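Asks: Residue numbers (the working numbering), protein chains in the order written: chain A, 1 to 286; chain B, 1001 to 1363; chain C, 2001 to 2262.
Derived from the structure by calculation, the hints contain no laboratory data.
Mixed in with the good hints there might be a few duds.
[To be verified] Covered stretches of chain C, going by a simulated chain A footprint (3 or more residues, C-beta under 8 Å):
| # | stretch |
| --- | --- |
| 1 | 2025-2031 |
| 2 | 2083-2095 |
| 3 | 2102-2116 |
Quantities reported herein were computed from a predicted structural model and do not represent experimental measurements.
Beta carbons are placed, not taken as given, at the ideal position from N, Cα and C, and that holds for glycine.
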Amino acid sequence: MAVAAPPSRVLGASLPWWLLIAPALILMLAFYAFPLAEVLWISFTEPEPGLSNYERLITSEAVQRVWITTLRICIITTVITLLAGYVVAYALSSAPPRVQRWMFLFILLPLWISVLVRAFAWVTILRRQGLINEALIGAGLIDEPLRLIWNEFGIAVGMVHYMIPYAVLPLYASMRDIDPRLVPAARGLGASRFEAFRSVFLPLTRPGIIAASVLVFIFSLGFYVTPAILGGGRTLMIAEYIKLQILDLIRWGLGTMMASTLLIAIVLLLWALSRIVDIRRVFGSG
Amino acid sequence: MAALSHALTVDRVSKHYGPVRAVDDVSLTIGRGDFVTLLGPSGSGKTTLLMAIAGFVAPTSGQILLDDTPITPLPPEKRNFGMVFQGYALFPHMTVAQNVGFPLRVRKVGRAEADRRVADALALVQLDHLADRLPKQLSGGQQQRVALARALVFQPALLLLDEPLSALDKKLRAELQVELKDLHRRVGLTFIYVTHDQEEALSMSDSIAILRDGRLVQEGPPGALYERPATRFVADFLGKSNFIEGVVEEVRADGFSYAAAGQRFVQHGGAEGLAKGAPVLVAIRPEKIEVREAAPAEPEMNGLSGTIAAWSYFGSAFALLVDTPLGRVQAAIPAWRCPVEPSEGRAVHLAWTADASVRVVAD
Amino acid sequence: MDRSAQAGPVANVLAWSVLLFLLLPITVIFPISLTDQRFLSLPYEALSLQHYVAFFTSERWLSSTWQSLVIALASTILAVSTGTLCAIGCWKLSTRATEIVRVLMLLPIIVPSIVYALGIYRLWIRLDLLDTYTGVILVHGVTGIPYVVITVTTALANFDPRLEQAARGMGASLRQTLAWVILPRIMPGIVSGAIFAFIHSWDEAVLILFIASRALFTLPRRMWDGINENLDPVMAVAACVMILASVLMLAVDLWARRKRSE
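Model the full assembly from the supplied sequences, consistent with the hints where possible.
Replies: See the structure below:
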């Protein structure tokens, strides 16, 4: 935000500008904030008022299993995504401009493709008669098709693929700001390539690492399409569990409770992130 | 903390980037304990040469020797050279003490020993009181001194400095030039200093190597380079010069005489390889030209008449631009002994002795 | 500095492997859509357009494409008109209250769709908007607003606020200032926002599961059912259609930007 308009304090002068804001604000309040608030409300009132829905977090093994599965897959996804994203961002930040443009295209292109299409593509690649199994069997390397899909492996592949661009952007932003002389300086002072990386470059990218991890983790938590398709209903993550409760089992209390917990977890994570790094910079980097 | 100083030899080093010859067949010997400056305009290859010495750039051909040991294949961290980067390259996430201690940390020097040497190095640059600050909390001059302390703390074989003063304002730069020179005397190390600022080079160096388009043009002590520039480029880049293009009339034992714009001039020395009729280029510094009211009568004095086209006053001196048959000539006259009142259009006579000017190669 | 500033060969090989991994799904879809087989596979003997023919003669796929297009266009108009004005108002006022408005506008990209889906499903049951164009367009429009607010706010950051004051000082009304001074200057941001909002609706696959069932069957919705029921090569064609629409939009955006900068 390079130039901010001077604030106008007089109500009379600001009224016309508020009229510009009004349509979006009304739409957002009536058709977004209100239904969202209602989700929270229902979680405390149905089937009967009280905390009975939330008690299930402690008492219900099924609910706990869903949360544990979700957290496990999200942590695995975040770790793999961060490693892959870091390597890409590192190569990107030191590449010559012409190469950089191509790398950017390859990183951003998937962002423009529907998540559903990408999940479908992974199905065609990973399934029993998919491209990988056909190729491996054709080459005589395996007799039985590998189980690459409808399990946590398939979910992780699809989610990592979806998340990598979101990790690369904040990581790249933090690397771009590093003075390019620092690593040579460290080496000139006697540090090996690896030591220079570990003691100078890596610590300086810490804000990027934190931001990227939290972002990827948050996006993963509430992810629906990819886990639903690549998990094939066998591995239940929280979003699909919620969908089942509402559309198939019509258990509003349980569904909204899970949705509310998810929302609260995300808000807490974002709040923690904002205490550590400047969120505007993270989002402004794309 | 005076360390053993070393000599460095650059032996026919070239660095090509595709068709571009950033450094082109440069040979240079840097003596023990010398303060040597690589001077040149931007794009002259001086920084690339320094980076090759530091080990960040692998030469396309040639080699670099420390005393008698070839170091060309060594990565930068094995060379044990101290380096001060342009813009200092201080690690922003480390305090001053941690920055200075970094070279000791990577060398696995013991804690107590490292603390003592960091304190010594900071004392050397008078920054002991700022050890716990972060680089961004320091002024430009202070950052510069931290960079120096960091480059010296591990007793490097040489100190390499890449335009270390270019980010500072003029006054601070002058102060730090004196400090750097003093530091050089105290630590007794060999300093290799890169700059594009000719005044900085003249005031600090034991020896200057002038580079242009990747080639070494001339090398020598500042006084010799200033008084006896070998080429037109050196005469123009190091200080200012007027140039006279003439034709040799007569070669004598102590020099030669030449003609330009229908007038005859004499020149001491520099007659090697000249014959009558050969084209010749002579450089004359503005401050070596006298301004007189009458034409010089002395036989060995060169004279030239003209009119003042423009003048300016600098307190200590007048700078005159005089239109003459040879074209526009610059002259700098000490203000307190200027024999004529400068005014535009006034006729004056310029004079200089035969040994005031110098023959240069046109390049 | 060829010895240290660049990433080493190991890092570069790893980075390019990751980039190829990113491209893999997109690159396999096109050959698969051209398969000569009756099941999902790479072409065995020849390239065939049979599945394209099947797609473009299928009543169901065509009506889904049409519905997706109508919904995406209408919701884009809704998102762009309200989002742009809102971003301008917030930019001009810049008070604590408008900061809160801005954060509120960003909610839809922070909150998981599944959470919002429950709320809007419940509300649409009550308002009888399930399975209607109005219902879907409102939902896609509202959730498209953040993209417009972000791109327009970015465009406004480079807009000199004194231009607005100068226009008002010369006697232009707010409406004239908007139309003649502000909007033309931030048009690239609005175009980008519109494209994002369009693609958001075009690709949206979660909310639609809740708020539409029979009458409305958008392209993602039909693909969703297809993946879960019968994996036939026409699906690959549908995927290609969706990719092409997005890439086309991306190209329009790049073209518009280039034209601006000329």
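Asks: Now tell me, hint by hint, if it's right for this structure.
Replies: Cross-check of the supplied hints:
1. Look at the stretch 2025-2031 of chain C against chain A: 4 of its residues bring a Cβ nearer than 8 Å to a Cβ of that chain, three or more, so the hint holds.
2. Given a C-beta distance limit of less than 8 Å, the hint that chain A covers the stretch 2083-2095 of chain C holds, as 11 residues qualify and 3 suffice.
3. Look at the stretch 2102-2116 of chain C against chain A: 11 of its residues bring a Cβ nearer than 8 Å to a Cβ of that chain, three or more, so the hint holds.
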